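J.: Sequence:
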Amino acid sequence: MSRTFRILTRTCAGLLPLSLMSLPVLAATVATNQPAAVSAKPPVMLANNYEAGVVLANYWVSEKLDGVRAYWDGEHLMTRGGYPIQAPEWFIAHFPNQPMDGELWIDRGRFAEVSGIIRQEQPDDGLWMKVKFMAYDLPGFPGNFNRRDQALGEVIAMINQPWVQHVEQQRVNNESELATWLGNVEHRGGEGLMLKRGDSLYHAKRSDDMLKYKRHEDAEATVIGYLPGKGRLKGQLGALIVRNETGQEFRLGSGLSDAERMSPPPVGSVVTYRFDGKTSSGLPRFARFLRIRPDYTPE
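For the sequence shown, the positions run 1 to 299 when the working numbering is used.
Just to be clear, a hint being listed does not mean it is correct.
25 Å max Cα-Cα, derived DSS-like pairs, lysine-lysine [stated by the list, open to error]: (1) Lys132 with Lys230; (2) Lys130 with Lys64; (3) Lys132 with Lys234; (4) Lys64 with Lys132; (5) Lys132 with Lys212; (6) Lys64 with Lys205; (7) Lys278 with Lys41; (8) Lys278 with Lys205; (9) Lys212 with Lys41; (10) Lys214 with Lys278; (11) Lys64 with Lys212; (12) Lys234 with Lys64; (13) Lys278 with Lys64; (14) Lys132 with Lys41; (15) Lys64 with Lys41.
What follows is a list of derived Cβ distance ranges for each label pair [claimed, not checked]: (16) Arg188 with Arg285: 25 to 31 Å; (17) Gly140 with Ala93: 42 to 48 Å; (18) Gly277 with Ala93: 44 to 50 Å; (19) Gly277 with Asn160: 16 to 22 Å; (20) Arg171 with Arg288: 54 to 60 Å.
Calculated from the structure, these hints are not laboratory results.
Just so it is clear, the structure is predicted and the values come from calculations on it, not from any experiment.
Note that the Cβ used here is the ideal one computed from N, Cα and C, for glycine as well.
Using the sequences and the hints given, assemble the complete structure.
T.: In structure tokens form, the structure reads like this:
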């Protein structure tokens, strides 16, 4: 399925389409093969950003994997946004009849590849052989994360398949050790670190029970329109107009490749943007486009 998009610009009357006669290059076609969402999003735990001063002795730490978050509800595999993942039967054949939370992952820096694989309506066995399900929580198991992680290790051992792995959790003694670990992960092309409070229960909300630690902050926003390019970018996309989960609207002009400017994320899609802190009004500072997230829906 495909559709033709129109470049939008903001005026006092709102978002209005520009004439395609004046922007012939932008009458491009955008693929929209995202599967229909299931009836409800899975009840996943969400992370806040790490800030100095956290009592690290209370947390387990693991690498933040650059993959697609996947939730197994005991019968079906789906994305965080509730989109069904058409995995091969052999891939999920030994999954348990209880929920698992994890990441579909290939390797550092290969998000786009795994994202493309999991969006196929007809799974390709050869491509899926590269994918691992990296499990990091057992949502339905009673007890805190200390107990859930131990139980998860036992579940993974019973599954006994090389493409299903238990994400290793470790302790750190201080912020210096944490920063060193982050530097090592980044040097190897990794994204960052995740911290989980050992005595926390699994609950479907954003809280300090789970923290993400990265050199740069990132978040998701929904594309609501486009602004045309000027100068070198005349005839192409100049910026995305997006709305984040708190309802704030802003532009994402940097970070877009030439190909993305010619065929931008469709209106209604979710993208990840990177930023460096926030302004006094709460807007992301130096926000720039990072990638489209076909596995997400707006919160």
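J.: Let me make sure I understand: some of the numbered hints might not hold for this structure. Which ones are they, in numerical order?
T.: 1, 3, 7, 12, 17, 19 and 20
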